[in-house]
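**Q** What follows is the residue order along each chain.
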Amino acid sequence: MNAKWIIGAAAALTATSVMAAGTNLDAKTAEIMKRDFQDKGIALASRVNQDELQTMCSKYVDKLPVKLKAKMEAGQLATMKYPADGKYMGNWKAGETLAQSGKGMTWSDKADEPAGGNCYNCHQLSVKEIAYGTIGPSLLKYGVQRGDGVATQRHVYEHIYNAKAFQACANMPRFGQMNILTESQIKDLVALLLDPESPVNK
Amino acid sequence: MNSKIILVLALAASAAAIAGEETDSDKIAQYREMISDGNPAEFDEMRGAELWKTAAGPNHATLQQCDLGKGPGVVKGAYAALPRYFKDTNKVQDLESRLVTCMTTLQGMPEAEIIARPFSSETKESDISSLATYVVGQSKGVKMAVSVKHPKEKEAYEIGRRLFSYRAGPYDFACSTCHGKSNVRIRMQDLPNFFVKKDAQSAYVSWPAYRVSQGLTRSFQWRLNDCYRQQRFPEPKFVSEATIDLTLFLAVSANGADYAGPGLKR
Chain A
1 MNAKWIIGAA
11 AALTATSVMA
21 AGTNLDAKTA
31 EIMKRDFQDK
41 GIALASRVNQ
51 DELQTMCSKY
61 VDKLPVKLKA
71 KMEAGQLATM
81 KYPADGKYMG
91 NWKAGETLAQ
101 SGKGMTWSDK
111 ADEPAGGNCY
121 NCHQLSVKEI
131 AYGTIGPSLL
141 KYGVQRGDGV
151 ATQRHVYEHI
161 YNAKAFQACA
171 NMPRFGQMNI
181 LTESQIKDLV
191 ALLLDPESPV
201 NK
Chain B
203 MNSKIILVLA
213 LAASAAAIAG
223 EETDSDKIAQ
233 YREMISDGNP
243 AEFDEMRGAE
253 LWKTAAGPNH
263 ATLQQCDLGK
273 GPGVVKGAYA
283 ALPRYFKDTN
293 KVQDLESRLV
303 TCMTTLQGMP
313 EAEIIARPFS
323 SETKESDISS
333 LATYVVGQSK
343 GVKMAVSVKH
353 PKEKEAYEIG
363 RRLFSYRAGP
373 YDFACSTCHG
383 KSNVRIRMQD
393 LPNFFVKKDA
403 QSAYVSWPAY
413 RVSQGLTRSF
423 QWRLNDCYRQ
433 QRFPEPKFVS
443 EATIDLTLFL
453 AVSANGADYA
463 GPGLKR
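Chains as they are written, first to last, in my numbering: chain A, 1 to 202; chain B, 203 to 468.
None of these hints come from the bench; they were simulated from the model.
Quantities reported herein were computed from a predicted structural model and do not represent experimental measurements.
Errors might be hidden in some of the hints.
Stated by the list, open to error - Derived pair list, reagent style DSS-like, types lysine-lysine, alpha-carbon separation capped at 30 Å:
(1) LYS354/B x LYS59/A
(2) LYS399/B x LYS59/A
(3) LYS110/A x LYS326/B
(4) LYS59/A x LYS342/B
(5) LYS255/B x LYS34/A
(6) LYS28/A x LYS342/B
(7) LYS356/B x LYS326/B
(8) LYS383/B x LYS342/B
(9) LYS28/A x LYS439/B
(10) LYS439/B x LYS110/A
(11) LYS28/A x LYS383/B
(12) LYS28/A x LYS351/B
(13) LYS40/A x LYS439/B
(14) LYS351/B x LYS103/A
(15) LYS59/A x LYS383/B
(16) LYS326/B x LYS59/A
(17) LYS289/B x LYS34/A
(18) LYS34/A x LYS345/B
(19) LYS293/B x LYS28/A
(20) LYS356/B x LYS345/B
(21) LYS141/A x LYS128/A
(22) LYS351/B x LYS326/B
(23) LYS467/B x LYS28/A
(24) LYS383/B x LYS345/B
(25) LYS356/B x LYS28/A
(26) LYS345/B x LYS63/A
(27) LYS467/B x LYS59/A
(28) LYS383/B x LYS34/A
(29) LYS272/B x LYS34/A
(30) LYS40/A x LYS345/B
(31) LYS103/A x LYS289/B
(32) LYS103/A x LYS128/A
(33) LYS278/B x LYS28/A
(34) LYS34/A x LYS342/B
(35) LYS67/A x LYS383/B
(36) LYS342/B x LYS40/A
(37) LYS71/A x LYS28/A
(38) LYS399/B x LYS87/A
(39) LYS467/B x LYS128/A
(40) LYS28/A x LYS354/B
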């Protein structure tokens with residue numbers, strides 16, 4: 001009986017100390033990040049400070065417990081901003097130019113240069129462009145399958161504005177939420193995906 | 203001299219050919235094959251070897267007594283066991299941070315002066331980068347065996363693992379965003395998955411490397427620095443603990459593979 005009790009207590013202590021060590025290492029990692037990075041160009045040291053979503057996705061290596069995932073997604077959805085004019089579609093030609101550009105927000109980019117959409121870095125979009133990345137799904141013929149109804153337009157706008165509202169730890173940046181792209185640039189990308197004349201749907 | 207010029211010309215022509223067409227992995231593999239008897243990184247290795255044995259700094263000393271973990275003056279195989287814990291500094295150090303220690307203690311060079319030129323540029327070479335190229339070349343063919351036995355090494359590994367998945371910045375990127383999945387690429391560039399042993403090994407053992415597109419030999423510290431640039435992070439300080447812990451995590455992921463650098467990249 002005694003031996004069992006002692007083993008139980010010892011196990012509990014070990015578990016506690018392992019958890020404590022993990023928490024300490026999380027704290028130490030955060031300290032190191034704050035100490036070991038410096039401003040360079042437009043990339044200020046404060047960029048290492050995480051918001052709650054970034055903290056949680058880091059902690060769980062992108063696999064959030066179900067309840068936490070739902071909570072995070074709801075939080076992101078709540079801060080979504082929609083176009084004041086109620087229109088979601090812009091110009092697909094401007095969208096294609098944006099999709100091709102991988103520029104923006106690195107310390108070697110200039111503050112006054114417009115950021116690109118970085119789309120082809122991770123997605124296949126048109127038949128013509130063969131140098132496409134594969135981190136994200138292929139979006140080839142995206143509009144052909146879905147049409148360009150308002151509900152679809154709105155959904156695509158939301159996804160580009162903040163993909164984390166639908167998949168908390170998605171790889172895709174929050175282009176609207178984090179002020180990477182403007183409202184009008186996002187509209188141009190919606191058009192690139194949905195306009196029947198866009199190379200995506202040809 | 204002549205062979206050097208011919209090699210450089212051949213490289214420039216090949217680089218132009220590669221830039222003109224899509225830079226897919228097959229072409230790069232062919233290109234590697236083509237110049238397999240002569241990686242231009244060898245010039246940087248020779249420069250580093252010369253620096254190693256040349257008296258320099260206020261103490262007019264060479265680096266020949268530098269202890270890279272295998273004892274004073276032992277360069278052979280040292281890189282394949284770095285980063286590691288060093289008793290004299292009571293720190294885990296990677297190759298470049300250890301070189302800084304040797305240059306300050308043996309040669310009396312001010313640390314600020316060394317750190318001021320961490321990487322080579324088109325106009326000026328970096329001594330510490332060339333020294334690193336020389337040292338890694340002396341581990342070619344040596345099995346990677348980076349230790350996590352010392353408590354500080356174990357802690358560095360644990361922190362490095364966390365740094366690898368640390369998401370932040372305007373794009374929410376972590377290292378793992380691009381290097382945590384198999385068979386993916388950015389544009390045409392294949393990306394190694396560091397959670398898969400085989401991928402981690404082939405990626406890690408091929409750095410430092412000569413970058414054809416830049417015409418420069420690049421150190422591992424540079425590799426991390428440019429990854430963080432593309433991650434939209436601020437700049438990691440040269441030889442900071444963050445870079446060393448992350449390097450140790452990646453190096454341990456490559457344990458068991460034969461070190462193959464300096465490598466050759468597009």
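**Q** A separate judgement is required for each hint: does it hold in the structure or not?
**A** These are the hints, each one checked on the structure:
Distance check on the hinted pair: LYS354/B and LYS59/A sit about 22 Å apart at the alpha-carbon level, within 30 Å; holds. Distance hint between LYS399/B and LYS59/A is fulfilled; the C-alpha atoms sit about 22 Å from each other, no more than 30 Å. Taking the CA atoms of LYS110/A and LYS326/B, the gap is about 24 Å. The hint holds against a cut of 30 Å. Restraint check for LYS59/A and LYS342/B: the C-alpha separation of about 37 Å exceeds 30 Å, so the hint is violated.
Only pairs whose Cα atoms come within 30 Å are accepted, and LYS255/B paired with LYS34/A is rejected, the gap being roughly 38 Å. Only pairs whose Cα atoms come within 30 Å are accepted, and LYS28/A paired with LYS342/B is rejected, the gap being roughly 35 Å. Distance hint between LYS356/B and LYS326/B is unfulfilled; the C-alpha atoms sit about 37 Å from each other, more than 30 Å. Of the pairs offered as hints, the one joining LYS383/B and LYS342/B holds, with about 28 Å between alpha carbons and a cut-off of 30 Å not exceeded.
Taken as a hint, the LYS28/A and LYS439/B pair is honoured in the structure, with Cα atoms around 17 Å apart against an allowance of 30 Å. Proposed proximity of LYS439/B and LYS110/A is supported: the alpha carbons are some 21 Å apart, at most 30 Å. Distance restraint check for LYS28/A and LYS383/B: the Cα-Cα separation of roughly 27 Å lies within the 30 Å cut-off, and the hinted pair is therefore satisfied. Taking the CA atoms of LYS28/A and LYS351/B, the gap is about 20 Å. The hint holds against a cut of 30 Å.
Distance check on the hinted pair: LYS40/A and LYS439/B sit about 10 Å apart at the alpha-carbon level, within 30 Å; holds. Between LYS351/B and LYS103/A the CA atoms are separated by roughly 43 Å; this puts the pair beyond 30 Å, and the hint is violated. For the given pair, LYS59/A sits about 18 Å from LYS383/B by alpha-carbon distance, which is consistent with the 30 Å threshold. At roughly 41 Å between alpha-carbon atoms, LYS326/B and LYS59/A are farther apart than 30 Å, so this suggested pair is violated.
Among the hinted pairs, LYS289/B with LYS34/A is consistent with the structure: their alpha-carbon atoms are about 26 Å apart, no more than 30 Å. For the suggested pair LYS34/A and LYS345/B, the alpha carbons sit about 35 Å apart, so the restraint of at most 30 Å is broken. Using a Cα cut-off of 30 Å, the hinted pair LYS293/B and LYS28/A holds, with the two alpha carbons roughly 16 Å apart. Between LYS356/B and LYS345/B the CA atoms are separated by roughly 20 Å; this keeps the pair inside 30 Å, and the hint holds.
Taking the CA atoms of LYS141/A and LYS128/A, the gap is near 12 Å; set against the 30 Å cutoff, the hint holds. Pair hint LYS351/B plus LYS326/B does not hold up; C-alpha atoms about 39 Å apart against a cutoff of 30 Å. For the given pair, LYS467/B sits about 35 Å from LYS28/A by alpha-carbon distance, which is inconsistent with the 30 Å threshold. A threshold of 30 Å between alpha carbons decides the hint, and for LYS383/B with LYS345/B the separation of about 25 Å falls inside it, so the pair holds.
In summary, the hint linking LYS356/B to LYS28/A is supported, as the alpha carbons are separated by about 14 Å, within the 30 Å threshold. The hinted pair formed by LYS345/B and LYS63/A fails the criterion: a straight-line CA distance of about 34 Å is larger than 30 Å. For the hint pairing LYS467/B with LYS59/A, the CA-to-CA distance comes to about 33 Å; that exceeds 30 Å, so the pair is violated. Distance hint between LYS383/B and LYS34/A is fulfilled; the C-alpha atoms sit about 27 Å from each other, no more than 30 Å.
A hinted pair counts as satisfied when its Cα atoms are at most 30 Å apart, and LYS272/B with LYS34/A does not qualify at roughly 33 Å. At roughly 37 Å between alpha-carbon atoms, LYS40/A and LYS345/B are farther apart than 30 Å, so this suggested pair is violated. Simply put, LYS103/A and LYS289/B have alpha-carbon atoms about 45 Å apart, too far for the 30 Å limit, and the pair is violated. For a cut-off of 30 Å, the pair hint linking LYS103/A to LYS128/A stands: about 21 Å separates their Cα positions.
A C-alpha spacing of about 34 Å is found between LYS278/B and LYS28/A, which places the hinted pair above 30 Å, so the restraint is violated. This hinted pair does not check out: LYS34/A and LYS342/B have alpha carbons roughly 36 Å apart, beyond 30 Å. Under the criterion of a C-alpha separation no larger than 30 Å, the hint pairing LYS67/A with LYS383/B is consistent with the structure, at around 25 Å. The suggested pairing of LYS342/B with LYS40/A is violated, with an alpha-carbon distance near 35 Å, which exceeds 30 Å.
For the suggested pair LYS71/A and LYS28/A, the alpha carbons sit about 27 Å apart, so the restraint of at most 30 Å is met. With a C-alpha separation of about 49 Å, the suggested pairing of LYS399/B with LYS87/A is violated against the 30 Å cut-off. Taking the CA atoms of LYS467/B and LYS128/A, the gap is about 27 Å. The hint holds against a cut of 30 Å. Distance restraint check for LYS28/A and LYS354/B: the Cα-Cα separation of roughly 13 Å lies within the 30 Å cut-off, and the hinted pair is therefore satisfied.
Checked against the numbered hints given earlier, the structure breaks hints 4, 5, 6, 7, 14, 16, 18, 22, 23, 26, 27, 29, 30, 31, 33, 34, 36 and 38 and satisfies all the rest.
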